[in-house]
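Asker: The lines below spell out each chain.
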Amino acid sequence: MMELVCPAGTPASLRAAVDAGAHAVYCGFADETNARNFPGLNFSRLELAEGVAYAHARGTKVMVAINTFPRAGEQALWHRAVADAETAGADAVILADLGLIAHAAETHPHLRLHLSVQAAAANPDAINFYARTFGIRRVVLPRVLSVEEITAINREIDVETEVFVFGGLCVMAEGRCSLSSYATGLSPNMNGVCSPASHVAYAEAAGQQEARLGGFLIHRTPKGAPAPYPTLCKGCFTSDDGKGNRQTGHIFEDPASLDATHLIPALQKAGVRALKIEGRQRSRAYVAQVVRAFRAAVEAAGRGEPMPEGLLAKLTEGQAATTGAYAKTWR
Amino acid sequence: MALKPENIMDLTIGPIAFFWTAGQVAEFYRAVAQGPASRVVIGEWVCSKRLPFWQPEIPTAVNCLLAAGKEVALSTLALITLKRERRQTEDLLDTGLPVEIADLSALHHLPEGAPFWVGPTVNVYNEGTLDWLARRGATRICLPPELPLASVAKLAAAGRAAGVAVEVWGHGRAPLAISGRCYHARLHDRAKDSCQFVCAEDPDGRTVETLDGRRFLTVNGVQTLGHAHTTVAGQIAALEAAGVSSIRLSPQTGDFTALTGFYADLLASPRPDAQEALRRLMPGAELAQGFLDGRAGVAGA
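Protein chains in written order, with the working numbering: chain A, 1 to 331; chain B, 1 to 301.
Hint data in this document are derived by calculation from the structure and do not stem from the laboratory. We put the beta carbon where it would ideally sit given N, CA and C, even for glycine. Treat each hint with caution, since some may be false.
Not everything, but these chain B residues come out facing chain A in the computed CB check (under 8 Å) [what the hints assert, rightly or not]:
1) Ser105
2) Glu146
3) Leu149
4) Ser151
5) Leu155
6) Asp204
7) Asp212
For lysine to any residue, the following SDA-like pairs were computed, each having C-alpha atoms within a straight-line distance of at most 25 Å [stated by the list, open to error]:
8) A/Lys243 / B/Lys83
9) A/Lys243 / B/Asp204
10) B/Lys83 / A/Glu160
11) A/Lys243 / B/Leu82
12) A/Lys243 / B/Gly284
13) A/Lys223 / A/Thr238
14) A/Lys243 / B/Arg50
15) A/Lys328 / B/Leu82
16) A/Lys243 / B/Met282
Per the computed footprint, the stretches of chain A lying under chain B, defined by three or more beta-carbons under 8 Å from a beta-carbon of chain B, are [what the hints assert, rightly or not]:
17) 12–19
18) 67–73
19) 91–104
20) 108–115
21) 164–173
22) 182–193
23) 246–255
Please put together the full structure from these sequences, using the hints given.
Answerer: Pasting the structure below:
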């Protein structure tokens, strides 16, 4: 059976995910060392140790994401995070920065290293480089690859692959995007945030709701209609082809989230070891529901049965969903 | 008698980001060869589908640049996924010229200890990464554009200690993101595989505006850039003091010879009105310097 890797933004979510049947949970420390550095989220050292104890007692693994890029002059904060994750009993750390990976491989030889999606290792050469140089055991694949490409990659590498199946969707190669810092000064790589709420402003004009990020108007919806969060790459923009044809729309991606549920059997066949659910910022009720549904799905896939119908109907109701780059036509 | 400054920066010309015709490319490098830049990085940086259209110009341009005394390196793609792209990366290593890696996967092909350069789309954010790359053979690193001056200074110092020349994004639309999806093709309701090379219609990329008409981003095939021209014209003294060894100019249409000359003069004698002078050279262009200031990258002077 494929391993189900589930988000734990808080100790309560961790317990909810474990109870709902997660094979593994991933979480981060409450600082800039992880890519979900949001107020009210993440773990203290003590909370992590308690979370590991709770998870291990129930046969669930805990992975700690330390997947931002250490700031020059302040690498000690990231080094300490790796050491503390090992001390707390984490089963693996999820890293993105080359220098931090080198440090972890050298000073924590018994710690299992996973390559974060933020490292954007998008071909077998990149993965083999990290595996042979640093002993990386698993790679989380960037969301720029089709299922066919994932199959081909698995044939050329010796380490495990993990892919996202549900939740928020990056349309750019992860860890290589500065759109957020261009507009707001805060970036996923440096600060662990993307299109941060601190830079979002809503207003009403001419019966419309307007949403701005860093002062840039990127959503306009009729009053009363659901307004999507103004994430830059899912914003609405206008572009002129220089010949008088103006287009307005979601030039990069619609405000859709990833749902690759029906691709689970294909991903299993492609040799994928683990399926990852995005959403450390989501509520524990949401986490419990999604984890239960996906546990049923990976079990069905393991038995060679079709995916249960209407698996997540309630959760995705009214929201656009996409299979993203897994379908080659997405490009 | 004037004191000799401790650190004199020079100019690097980055790879052409956009899809230019073979003729435009040839003309561009003929002019660069006669200009004041010390080194040039050449090669397809964004989309492998474009390469066959201008690849034959590369050897001619390289010879012309070498004959003019420039250092030359060949750039890899910024995002390598296809088998063909991996092979192309490997082939670059057989040319005998230095390679500038724009995607870390190129390291898999580089023999241990062979010298190489590192481009701005590789994540070098800290001393640990810089030192590791230096030990692996890196001799030059152009830092990611989003880094603030405080980080640049620390990395330039680490570079000096490790024997690596540290360069910053000096002028041009900053590369902000790269994707599996082609946004140029998407704007024409096409997929990447059937793009019909529509990005060739926009030799400086296609402008993306906000809903209230502010020019904001630039689409260049699978790459997204800022719309404003990032410039360090107002920060030359600070970069020099920080120990940065070179600033990178990114090719654009218009009078690039004049632009290169402007920066060469600026490096020789910094002037307080540099930004105003640059504005006169590029009327109507928006200039940004926020990244280096530690503000939003789009922020102006």
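Asker: Could you run down the list of hints and mark each one as holding or not?
Answerer: Taking the hints in turn, this is what the structure says about them:
Interface hint status for B/Ser105: upheld, as the beta-carbon distance to the closest one in chain A is roughly 3 Å, under 8 Å. The restraint placing B/Glu146 at the interface with chain A holds, with a minimum CB-CB distance near 4 Å, inside the 8 Å limit. Below 8 Å, beta-carbon pairs count as interface contacts, and B/Leu149 has none with chain A, the closest being about 11 Å; its hint is therefore violated. A least Cβ separation of about 4 Å between B/Ser151 and chain A falls short of the 8 Å threshold, and the interface hint therefore holds.
For B/Leu155, the interface hint holds, since its Cβ comes within 8 Å of a Cβ in chain A; the closest pair sits about 5 Å apart. Violation of the interface hint for B/Asp204 is found here, the shortest Cβ-Cβ separation to chain A being roughly 11 Å, above the 8 Å cut-off. Hint status for B/Asp212: holds, given a least beta-carbon distance of 5 Å to chain A, under 8 Å. Taking the CA atoms of A/Lys243 and B/Lys83, the gap is near 37 Å; set against the 25 Å cutoff, the hint is violated.
Between A/Lys243 and B/Asp204, the direct Cα distance comes to roughly 15 Å. Compliance with the 25 Å bound is thereby established for this hinted pair. With a CA separation close to 20 Å, the supplied pair B/Lys83 and A/Glu160 stays within the 25 Å bound. Note on A/Lys243 and B/Leu82: the hinted pairing is violated, with a Cα-Cα distance of about 34 Å set against a maximum of 25 Å. Taking the CA atoms of A/Lys243 and B/Gly284, the gap is about 20 Å. The hint holds against a cut of 25 Å.
Simply put, A/Lys223 and A/Thr238 have alpha-carbon atoms about 21 Å apart, close enough for the 25 Å limit, and the pair holds. With a C-alpha separation of about 23 Å, the suggested pair A/Lys243 and B/Arg50 falls inside the 25 Å cut-off, and the hint holds. A distance of roughly 13 Å separates the Cα atoms of A/Lys328 and B/Leu82; the hinted pair therefore holds under the 25 Å criterion. Straight-line distance between C-alpha atoms of A/Lys243 and B/Met282 comes to about 23 Å, which keeps the hinted pair within the 25 Å bound.
Using a Cβ-Cβ cut-off of 8 Å, 0 residues of the stretch 12–19 of chain A lie near chain B, which falls short of the minimum of three, so the contact claim is violated. By the rule of at least three residues with a Cβ nearer than 8 Å to a Cβ of chain B, the coverage given for the stretch 67–73 of chain A holds, with 5 such residues. With 7 residues bearing a CB less than 8 Å from a CB of chain B, the stretch 91–104 of chain A meets the requirement of three and the coverage assertion stands. Evaluation of the coverage hint for the stretch 108–115 of chain A: breached, as 0 residues show C-beta separations to chain B shorter than 8 Å, against a requirement of three.
Only when three residues or more bring their CB closer than 8 Å to a CB of chain B does the claim for the stretch 164–173 of chain A stand; here the count is 3, and the claim holds. Only residues whose beta carbon comes within less than 8 Å of a beta carbon in chain B count, and the stretch 182–193 of chain A has 7; three or more means the coverage holds. Only residues whose beta carbon comes within less than 8 Å of a beta carbon in chain B count, and the stretch 246–255 of chain A has 5; three or more means the coverage holds.
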